[in-house]
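Undergrad: Single-letter residue listing:
Protein chains: 2
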Amino acid sequence: MKKIGKTFIISGPSGVGKSTVLSALFRGRDDLYFSVSATTRPPRIGECDGVDYHFISPDVFSEWIEKGEFLEYAEYVSNFYGTPKRYVDEAMLAGKDVILDIEIQGAQQVHAQRPDVVRIFIAPPSWEELERRLTARGTDTPEKIQRRLLRAKVEVQTAGNYDYFVVNDTVEKAVEELRAIMLAEHCRPAERMELLNGNNG
Amino acid sequence: MKKIGKTFIISGPSGVGKSTVLSALFRGRDDLYFSVSATTRPPRIGECDGVDYHFISPDVFSEWIEKGEFLEYAEYVSNFYGTPKRYVDEAMLAGKDVILDIEIQGAQQVHAQRPDVVRIFIAPPSWEELERRLTARGTDTPEKIQRRLLRAKVEVQTAGNYDYFVVNDTVEKAVEELRAIMLAEHCRPAERMELLNGNNG
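Top to bottom, those sequences are chains B and F.
Per the working numbering, residue 24 is the first one in the first sequence, and the count goes up by one each step.
Per the working numbering, residue 24 is the first one in the second sequence, and the count goes up by one each step.
Source of the hints: derived by calculation from the structure; they are not laboratory data.
Hints are supplied without guarantee of correctness; some may be wrong.
Identical copies carry no separate label here, and so any pair may be met within one copy or between two of them.
[Claimed, not checked] In the DSSO-like style, the derived pairs of lysine-lysine whose C-alpha atoms are separated by at most 30 Å in a straight line are:
(1) 167 / 90
(2) 196 / 119
(3) 90 / 119
(4) 26 / 108
(5) 196 / 29
(6) 26 / 176
(7) 119 / 26
(8) 29 / 176
(9) 167 / 29
(10) 176 / 25
(11) 25 / 167
(12) 176 / 90
(13) 29 / 90
(14) 196 / 26
(15) 196 / 90
(16) 41 / 196
(17) 108 / 41
(18) 167 / 41
(19) 26 / 167
(20) 196 / 176
(21) 108 / 167
(22) 167 / 119
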């Protein structure tokens with residue numbers, strides 16, 4: 024009985040530290056696949072096709088939409104971004120768990136197509152701490168920080184139907200929770216019963 | 024915001040090694056509470072009231088049933104056994120996770136009253152291995168072992184609506200899965216949103 028991977032969606036508000044947590048999660052793990060998006064945006068200097076994005080033309084993007092090749096897609100500042108199914112499926116068949124780093128709206132699209140994906144929201148330990156992190160980045164004006172905070176509060180409410188909330192208090196704790204969730208999700212009865220009966224003909 | 028414990032039901036077929044796994048799970052953990060059943064059976068030599076069982080009279084048992092004091096109860100060889108609510112609730116309010124070691128029928132009763140309990144089934148890695156373990160105990164005739172095996176197969180099917188199957192391949196792996204499940208279940212959105220909003224008024 025071959026192990027089949029599972030797909031995990033990870034979302035989180037601006038400033039919560041999602042990228043840092045994901046980097047730590049992937050460290051030394053070749054049994055995980057990070058889904059690379061397709062985009063119609065031209066590559067920036069230093070970006071590699073197939074690593075940062077799959078860079079494709081608007082015609083190809085449109086063709087992929089028609090063929091149902093996307094798990095989700097969206098327009099953002101006149102460019103299109105989407106998650107191609109094929110790499111996700113290849114990785115799962117190879118026994119790898121797949122991480123999709125996408126926003127809540129994309130997560131809804133994926134979930135509509137594949138209700139068995141697991142949706143995880145990275146939440147801040149407190150609103151004060153999120154404000155502190157946004158301020159510490161030093162990239163935004165106080166007004167912009169307040170808008171980001173407000174948007175984060177809306178996102179937390181919208182993510183109420185996610186399967187899990189991981190609190191990014193420390194990166195270590197957040198990664199521990201992510202790993203626990205991923206292991207727990209591999210203990211679902213259907214998967215385990217298949218293994219048990221597969222072992223015994 | 025005070026942490027509230029959760030209740031986890033652990034079931035498993037005869038011979039799967041559930042007691043060994045539970046002992047290992049509890050080692051060094053005072054944040055876990057093992058639910059002690061009430062029974063009308065008289066104590067055996069060496070058994071302590073409140074430790075092995077809460078030993079109560081048939082009258083008291085009957086009164087507790089009428090008052091809705093049980094999460095589940097059953098008759099077994101002319102004696103009654105049940106899980107009193109009060110100790111479970113006290114432990115959860117004290118922030119402890121509660122483990123109920125009960126059979127599938129009891130689990131159904133608890134789940135009907137409290138749909139938020141988490142049901143975990145301890146499964147063998149294979150039927151051959153379960154047979155090997157039952158044989159190694161040296162307590163049963165070959166016929167009895169075959170009956171136990173058959174009952175185990177029925178139990179696995181019946182437990183298909185459990186939340187998780189933990190495979191007792193090695194005790195260490197089984198405990199790792201149990202801990203992962205318990206941590207993951209504390210990452211549910213409702214609990215986490217309460218913490219987040221409780222932290223911020």
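Undergrad: Each of the hints needs a verdict: does it hold here or not?
TA: Going through the hints against the structure:
For the identical chains of this complex, residue 167 and residue 90 are neighbours neither inside a copy (39 Å) nor across copies (58 Å), given an alpha-carbon limit of 30 Å. In the homo-oligomer, the alpha carbons of residue 196 and residue 119 lie at most 30 Å apart both inside one protomer (23 Å) and across protomers (20 Å), since each shortest distance falls under that limit. For the identical chains of this complex, residue 90 and residue 119 are intra-copy neighbours only, at 25 Å inside a copy versus 51 Å across copies, given an alpha-carbon limit of 30 Å. With identical chains, the CA atoms of residue 26 and residue 108 are at most 30 Å apart within one copy only, with a shortest distance of 19 Å there and 40 Å across copies.
Both within a single protomer and between protomers do residue 196 and residue 29 lie at most 30 Å apart by alpha-carbon distance, with minima of 22 Å and 20 Å respectively. Within a single copy, residue 26 and residue 176 get their C-alpha atoms only as close as 38 Å, which misses the 30 Å cut-off; across copies the closest is 22 Å, which meets it. Taking CA atoms no more than 30 Å apart as the test, residue 119 paired with residue 26 passes inside one copy only; the shortest distance there is 8 Å, against 34 Å between copies. Taking the closest pair of Cα atoms, residue 29 and residue 176 come within 30 Å of each other both inside a single copy (29 Å) and across two copies (27 Å).
For the identical chains of this complex, residue 167 and residue 29 are neighbours neither inside a copy (37 Å) nor across copies (40 Å), given an alpha-carbon limit of 30 Å. Taking the shortest alpha-carbon separations for residue 176 and residue 25, only the inter-copy value of 22 Å comes in at or below 30 Å, while the best intra-copy value is 42 Å. Proximity of residue 25 and residue 167 under a CA criterion of 30 Å is satisfied in neither setting, with 49 Å inside one chain copy and 33 Å between copies. Within a single copy, residue 176 and residue 90 get their C-alpha atoms no closer than 36 Å, and across copies no closer than 44 Å, so neither meets the 30 Å cut-off.
For a Cα distance limit of 30 Å, the shortest separation of residue 29 from residue 90 inside one copy, 23 Å, qualifies, whereas the shortest one across copies, 45 Å, does not. Proximity of residue 196 and residue 26 under a CA criterion of 30 Å is satisfied in both settings, with 27 Å inside one chain copy and 17 Å between copies. In this assembly of identical chains, residue 196 and residue 90 lie within 30 Å of each other by CA distance neither inside one copy nor across copies; the values are 41 Å within and 43 Å between. In the homo-oligomer, the alpha carbons of residue 41 and residue 196 lie at most 30 Å apart both inside one protomer (13 Å) and across protomers (29 Å), since each shortest distance falls under that limit.
Only within a single protomer do residue 108 and residue 41 lie at most 30 Å apart by alpha-carbon distance; the minimum there is 23 Å, versus 41 Å between protomers. Taking the shortest alpha-carbon separations for residue 167 and residue 41, only the intra-copy value of 19 Å comes in at or below 30 Å, while the best inter-copy value is 55 Å. Neither within a single protomer nor between protomers do residue 26 and residue 167 lie at most 30 Å apart by alpha-carbon distance, with minima of 46 Å and 34 Å respectively. Taking identical chains as interchangeable, the C-alpha atoms of residue 196 and residue 176 lie at most 30 Å apart only when both belong to the same chain, with a minimum of 22 Å there against 38 Å between chains.
Taking CA atoms no more than 30 Å apart as the test, residue 108 paired with residue 167 passes in neither setting, with 35 Å inside one copy and 51 Å between copies. In this assembly of identical chains, the alpha carbons of residue 167 and residue 119 never lie at most 30 Å apart, being 39 Å within a copy and 42 Å across copies at closest.
Violated hints for the displayed structure, listed by number in ascending order: 1, 9, 11, 12, 15, 19, 21, 22.
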